[in-house]
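There are 4 protein chains.
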Amino acid sequence: MCRWMAWLGQPVLIEELLFKSPHGIVDQSLHARMGAEPTNGDGFGLGWYGTGEGPGIYRSVSPAWGDPNLRELAAHVESPLFMTHVRAAIGSPVQETNCHPFRRGNWLFVHNGFIADFHLLRRDLMLAIDPDLFADVHGSTDTEVVFHLALTFGLEEDPIGALERTVGLIEETGHRHGVANAVQASFGVADGESLYAVRYASGGDARSLFASADADAIRHLYPDNPRFQRLTRDDRLIVSEPFSDLPGVWHEIPEATSAIVRPGGVFETQPFHT
Amino acid sequence: MCRWMAWLGQPVLIEELLFKSPHGIVDQSLHARMGAEPTNGDGFGLGWYGTGEGPGIYRSVSPAWGDPNLRELAAHVESPLFMTHVRAAIGSPVQETNCHPFRRGNWLFVHNGFIADFHLLRRDLMLAIDPDLFADVHGSTDTEVVFHLALTFGLEEDPIGALERTVGLIEETGHRHGVANAVQASFGVADGESLYAVRYASGGDARSLFASADADAIRHLYPDNPRFQRLTRDDRLIVSEPFSDLPGVWHEIPEATSAIVRPGGVFETQPFHT
Amino acid sequence: MCRWMAWLGQPVLIEELLFKSPHGIVDQSLHARMGAEPTNGDGFGLGWYGTGEGPGIYRSVSPAWGDPNLRELAAHVESPLFMTHVRAAIGSPVQETNCHPFRRGNWLFVHNGFIADFHLLRRDLMLAIDPDLFADVHGSTDTEVVFHLALTFGLEEDPIGALERTVGLIEETGHRHGVANAVQASFGVADGESLYAVRYASGGDARSLFASADADAIRHLYPDNPRFQRLTRDDRLIVSEPFSDLPGVWHEIPEATSAIVRPGGVFETQPFHT
Amino acid sequence: MCRWMAWLGQPVLIEELLFKSPHGIVDQSLHARMGAEPTNGDGFGLGWYGTGEGPGIYRSVSPAWGDPNLRELAAHVESPLFMTHVRAAIGSPVQETNCHPFRRGNWLFVHNGFIADFHLLRRDLMLAIDPDLFADVHGSTDTEVVFHLALTFGLEEDPIGALERTVGLIEETGHRHGVANAVQASFGVADGESLYAVRYASGGDARSLFASADADAIRHLYPDNPRFQRLTRDDRLIVSEPFSDLPGVWHEIPEATSAIVRPGGVFETQPFHT
Chain A
1 MCRWMAWLGQ
11 PVLIEELLFK
21 SPHGIVDQSL
31 HARMGAEPTN
41 GDGFGLGWYG
51 TGEGPGIYRS
61 VSPAWGDPNL
71 RELAAHVESP
81 LFMTHVRAAI
91 GSPVQETNCH
101 PFRRGNWLFV
111 HNGFIADFHL
121 LRRDLMLAID
131 PDLFADVHGS
141 TDTEVVFHLA
151 LTFGLEEDPI
161 GALERTVGLI
171 EETGHRHGVA
181 NAVQASFGVA
191 DGESLYAVRY
201 ASGGDARSLF
211 ASADADAIRH
221 LYPDNPRFQR
231 LTRDDRLIVS
241 EPFSDLPGVW
251 HEIPEATSAI
261 VRPGGVFETQ
271 PFHT
Chain D
1001 MCRWMAWLGQ
1011 PVLIEELLFK
1021 SPHGIVDQSL
1031 HARMGAEPTN
1041 GDGFGLGWYG
1051 TGEGPGIYRS
1061 VSPAWGDPNL
1071 RELAAHVESP
1081 LFMTHVRAAI
1091 GSPVQETNCH
1101 PFRRGNWLFV
1111 HNGFIADFHL
1121 LRRDLMLAID
1131 PDLFADVHGS
1141 TDTEVVFHLA
1151 LTFGLEEDPI
1161 GALERTVGLI
1171 EETGHRHGVA
1181 NAVQASFGVA
1191 DGESLYAVRY
1201 ASGGDARSLF
1211 ASADADAIRH
1221 LYPDNPRFQR
1231 LTRDDRLIVS
1241 EPFSDLPGVW
1251 HEIPEATSAI
1261 VRPGGVFETQ
1271 PFHT
Chain L
2001 MCRWMAWLGQ
2011 PVLIEELLFK
2021 SPHGIVDQSL
2031 HARMGAEPTN
2041 GDGFGLGWYG
2051 TGEGPGIYRS
2061 VSPAWGDPNL
2071 RELAAHVESP
2081 LFMTHVRAAI
2091 GSPVQETNCH
2101 PFRRGNWLFV
2111 HNGFIADFHL
2121 LRRDLMLAID
2131 PDLFADVHGS
2141 TDTEVVFHLA
2151 LTFGLEEDPI
2161 GALERTVGLI
2171 EETGHRHGVA
2181 NAVQASFGVA
2191 DGESLYAVRY
2201 ASGGDARSLF
2211 ASADADAIRH
2221 LYPDNPRFQR
2231 LTRDDRLIVS
2241 EPFSDLPGVW
2251 HEIPEATSAI
2261 VRPGGVFETQ
2271 PFHT
Chain X
3001 MCRWMAWLGQ
3011 PVLIEELLFK
3021 SPHGIVDQSL
3031 HARMGAEPTN
3041 GDGFGLGWYG
3051 TGEGPGIYRS
3061 VSPAWGDPNL
3071 RELAAHVESP
3081 LFMTHVRAAI
3091 GSPVQETNCH
3101 PFRRGNWLFV
3111 HNGFIADFHL
3121 LRRDLMLAID
3131 PDLFADVHGS
3141 TDTEVVFHLA
3151 LTFGLEEDPI
3161 GALERTVGLI
3171 EETGHRHGVA
3181 NAVQASFGVA
3191 DGESLYAVRY
3201 ASGGDARSLF
3211 ASADADAIRH
3221 LYPDNPRFQR
3231 LTRDDRLIVS
3241 EPFSDLPGVW
3251 HEIPEATSAI
3261 VRPGGVFETQ
3271 PFHT
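Protein sequence lines, in the order shown, are assigned to chains A, D, L and X. For the first sequence, this note's numbering begins at 1 and goes up steadily by one. For the second sequence, this note's numbering begins at 1001 and goes up steadily by one. For the third sequence, this note's numbering begins at 2001 and goes up steadily by one. For the fourth sequence, this note's numbering begins at 3001 and goes up steadily by one.
Just so you know, not all the hints are guaranteed correct.
What the hints assert, rightly or not - Cross-link-like lysine to aspartate or glutamate pairs, in silico, EDC-like; alpha carbons within 20 Å at most:
{"no.": "1", "chain 1": "A", "residue 1": "K20", "chain 2": "X", "residue 2": "E3053"}
{"no.": "2", "chain 1": "A", "residue 1": "K20", "chain 2": "A", "residue 2": "D224"}
{"no.": "3", "chain 1": "L", "residue 1": "K2020", "chain 2": "D", "residue 2": "E1053"}
To be verified - Chain D stretches covered by chain L per the calculated footprint, using a threshold of three residues with CB under 8 Å from any CB of chain L:
{"no.": "4", "stretch": "1039–1052"}
{"no.": "5", "stretch": "1059–1070"}
{"no.": "6", "stretch": "1109–1115"}
Keep in mind the hints are simulated off the structure, nothing from the lab. None of the values given here were measured: they were computed from a predicted structure. Glycine included, each C-beta is placed from N, C-alpha and C at the ideal position.
Start from the sequences and build out the full structure, keeping to the hints where you can.
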C-alpha cells in the first residue's frame, strides 16, 4: 500500500535516487520489503521544485518500473527538493488524479496508508473541507480528501498542527460512524523550502518511515562509498523504507511522531498529537 | 462537446453502427458537424446489454477513432441495446471515470452538454445527492453528479420525471449562485429494456438530438440500400447527429422534449418541464 | 516472465476462469508462484472465439489486476475457446503491439519464455520470415517474430511441425551467433477449433506447463465442489501454472512435449523434436 | 498528418512555445490549418537538450492538447534547443515507440509526411539499415526506418548528405516496387548544437515548412509586442506551420531545400538533391 521518498539537499539529478540507489523507490515499486504488499504498481507520481513557478508534477497510471518517461525525466531534471510516490491502490481507481503527490500552490502532499471504511466517511469528510476548496478535489482517494482537510485547517501556516487537527477530525468522524482506528498513515509534505513528515496510526502499528542519518556520520561510516562521499550536510532523505541495509545510514522515525527537515540538513522531531 | 448514440432493436454487431455507418459515432469523434467542436477526442465509452448480468461497459481515454480495442469489441459483441459516447472534455480530467456511460445496477446514462459554472455549484449539488450514493461518485464530471441526482430523485421508477426534478434542482441551485442557464443537455438513459432521451437547455438552443424514422418509412424511401432493407420495426436509433444526410431517415427531437423508445420500435415524445 | 492460460470446452463467461478461480490468471499477474518473477504487470491480452468473424482480441498495457475493462469484458463475453496472457517484459517496450496473443486470420499465439540474445539474432530471424508477412510484424517482441516464422513454416497446415521447424531455425541461428540455448518456451496456439501447446527449452528446464485432468476424474475427486461438478467431458484447460493446489486436478506437461486439445476434450501429447 | 516545431536560441521555458504562442504546436494538435488534417491527436513527443546527458524525451499516446504531464513539463523545463511533434497516424499503431522524436546518442529526428506504400517497401528498407542498428528499431513507423537509414548513411557526420542518400535509396526502392513519388517529407534533425531541416517530396508539393525571420527584423516590425521584444539574434524557430499570421515573421522554406540553423541564429539554405 504505497511507498514514498522525499529529498531535500544539494540539487541532484532525480535518477540518482530513483534509479541508481540499490533499493530506490522504483525498485520498491516492484519489490517493496516493508510494505503491506511487495508490488506498488498502480501508478506513481513525482513532484519537484526547480525551474519554473512552483513545483512540477509528473503522474502516470503505469507502474513506475516500466515507464520510459519517468526514466527520461529523472535523467534530465535536477532538483534540490522532490518527492516520489508509488501506489498500490486499495479500492479507488487507477487514474492520474488519484496519484500522489497532490498539489496546491507551492505545496505537495503524499500519503502511505488509508482511512478505514473511507466509503462510509467520505461524505462527512468532504463536507468538512472549506467550501472554496471543495471543487478542487478531482480524484477519489482518501488522501486527496486528507490534503484538502489539512489545507482547510491551516496547512500553509502550520503544517504539522493542521495535520494533527485533520487526523483528529477523521478519528472523530470515524467514531461517529462506528469506525475504530480510522487513520493509518505516513504523510509527506513539502512547501518548496522544507519537508514535513508524519508517522501515525490511530491504533498504533503505523506504516514504516525512516530518515537518513547526518551526512557526516554516513561519510565516516562508509569512507569507501563514492556515492556517500558526495553527500553534504544539507542532504536529507525521508523514505517509507530504506534504500539499503547499511547500518547507521537510516534512522527509524518513531510512531506518533512528526519530523521537519529544514535547509542546511536540520532535522527535528516531535510527538504527533491528535 | 461530446456526441452520443443509442440503439434499441434487433441484436446487431456493434461495429455496424460504430464503424460501418457513413458518419457513425466514431467518425463523429474526429469530424462532428453539429457539435460545439468537430473533435471529440478526450476518451469515449460503450455500454451494452447482452450476455452476462447487467450492462457491460468499455471506457477508454484514447480517442475513439484510434482505439484498436474498440474495433475488436465492436466486431465481436452483438447487442439489442447499447449506447456509445465520444467526449470533448471541458475542464474535467481525461480519465476513465469521467467517460460516459455512467452505470448503476441495470441503468446507463450519457450526456452531451454541461452544467454552467459547475465549479461554483459542485458542492451544493453533491450535497443534494442521497448520502448513500455519495461515495459512489468516482470521477469529477458534472454528468456523474447529474446521474446521481437523478438516481436520488427516482430515476429507477420514473426516468423522465427524475430528470425533470434534477434539472429543476440544478437550475434553482444556479439561481442561488447567480448562474443563469445552468443546464445545457441532451441526456440518454437505458435500463436494459427501453431507451429514454431528453433534449433541453435552460436558456434554449439545446444540443442537437435526432431519432431515426420508422423502419418501414426508411425502407420505402431507399429500396436499393441493403443496410436499410435489413431494418425491422423493432429498430430505433437516437443520435446527437445523423449518421447520413439522407432525407426522411432522421427526425429532429424538438427542444424541451423527452422521448421514449420501447421494445417493438415504439417511439413517444412529450414536453420536458423543469 | 509471463503466464498464460487457454480454455477449450463448453462456452463459459470468461470471468469464471480469469477472476473467479482461486489462483486464476489475473491473480497470477500479481502473485505468480512458478514463474521467473511473481509480478506479470507489463500488460496483458485476451483472445476469444465467439460472436463475429474470427477471434477478438483485447490487449492493454495496464496490469491485468487493475484494468476495469478486462473485468467488464470477462463478465459479459462467453466463449468456448479463449486464451489469456499476462506479461512480464524483459527488454521490449510495454505497448499493446507487444502484448500476446498475436493473431493472423483465425489463429492466435501466446508464448511464455524468450529467445536468448534476441538483440543479436533479430535481423537474421526477421529475414527468415516470408517476405509477404514481414510488414505485418508491428511490435518488437521475440514472440511476434516466432509467430511469423511459424506462419512461414506452415503453422496453418501443421502447427506442431511448424513450431518444431521454427525452434530448429532459431537454435541454428543462435549457434551461428554463438548463442547457446536459444529458445526457452511454452507456446500456446489456437485456430478456433483446437488448442496446441508446446513445452520446450533448448537447454532443458523449460517453463512450467500444465493441463487439467479429465473432467470425469476431477468430478470424482471433488464431489462437493460445485464449480467442478459443472465440468463436462468437453472441457480442458492448459495453464502456465495451476489455478489451485488440489491433487489430481492438474497434470504437468513434460519437457520437450507438444500437446493437442481437440473438441470433445480429446487430449494428446507427443515428443517435440527440433 | 503531423506537425512539428524546433527551437534553437536562448534558453526558454518550453511552455512559451508550446502553450503560450497563439497558434503554437499544441493548438496545432487540435486545429492545424496547413496540414493534411486539422487533427493531430495520435500521440506526441518532446525532445529537449539541457540538464543531464544527451537529450531527454517525453512521448505519449495521448493527444497533446489534453495531456497534463506535457503542461507540467513544459512549465518546468528550460531549454535552448528542443523539438516537438504532434502525430496524425496513418496506419501504424498509436504507441510511444511510434511517436517522434526518435533518438540515437545525441541526435533527435522528426518527420512530417510518409513513405508511400510503406507496407510494400518496409522489408527492403529495413535490410538496407546497418545490421548493427537493425535491432534498435523498436516501433513500426516509416519515420523510424528513415532515421536508421540516415544513421546508416552517415547522419552523424553529414546530416543533410545522409538524408539525401536516404531519400535517394527510398525513391530507388520505390521504383523497383512500382511505387512512384515514394517520399513526402519535412524532416527535422538536432544534434545538441544545431538544427537541420529538409522540405522535400518526390513528386513535388511537399509538406509546408517555415523558419522564423531574423529577430531584429521581427522586433522592428512589431515594436509593441513584448514577446517579440525578448527575442535575440540567437533565436530561430523552424515550424510546420506558422504560430501566427503576422506578416514578416515567417519565411517559407522552398521545396527541395535543406536548411541549417547554427548557434548565433545563423540560418543557411541549400538545394536538396536526391
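So, going through the hints one by one against the coordinates:
| no. | hint | verdict |
| --- | --- | --- |
| 1 | K20(A) - E3053(X) | holds (15 Å) |
| 2 | K20(A) - D224(A) | holds (17 Å) |
| 3 | K2020(L) - E1053(D) | holds (15 Å) |
| 4 | 1039–1052 | holds (count 4) |
| 5 | 1059–1070 | holds (count 4) |
| 6 | 1109–1115 | violated (count 0) |
Violated hint for the displayed structure: number 6, the only one.
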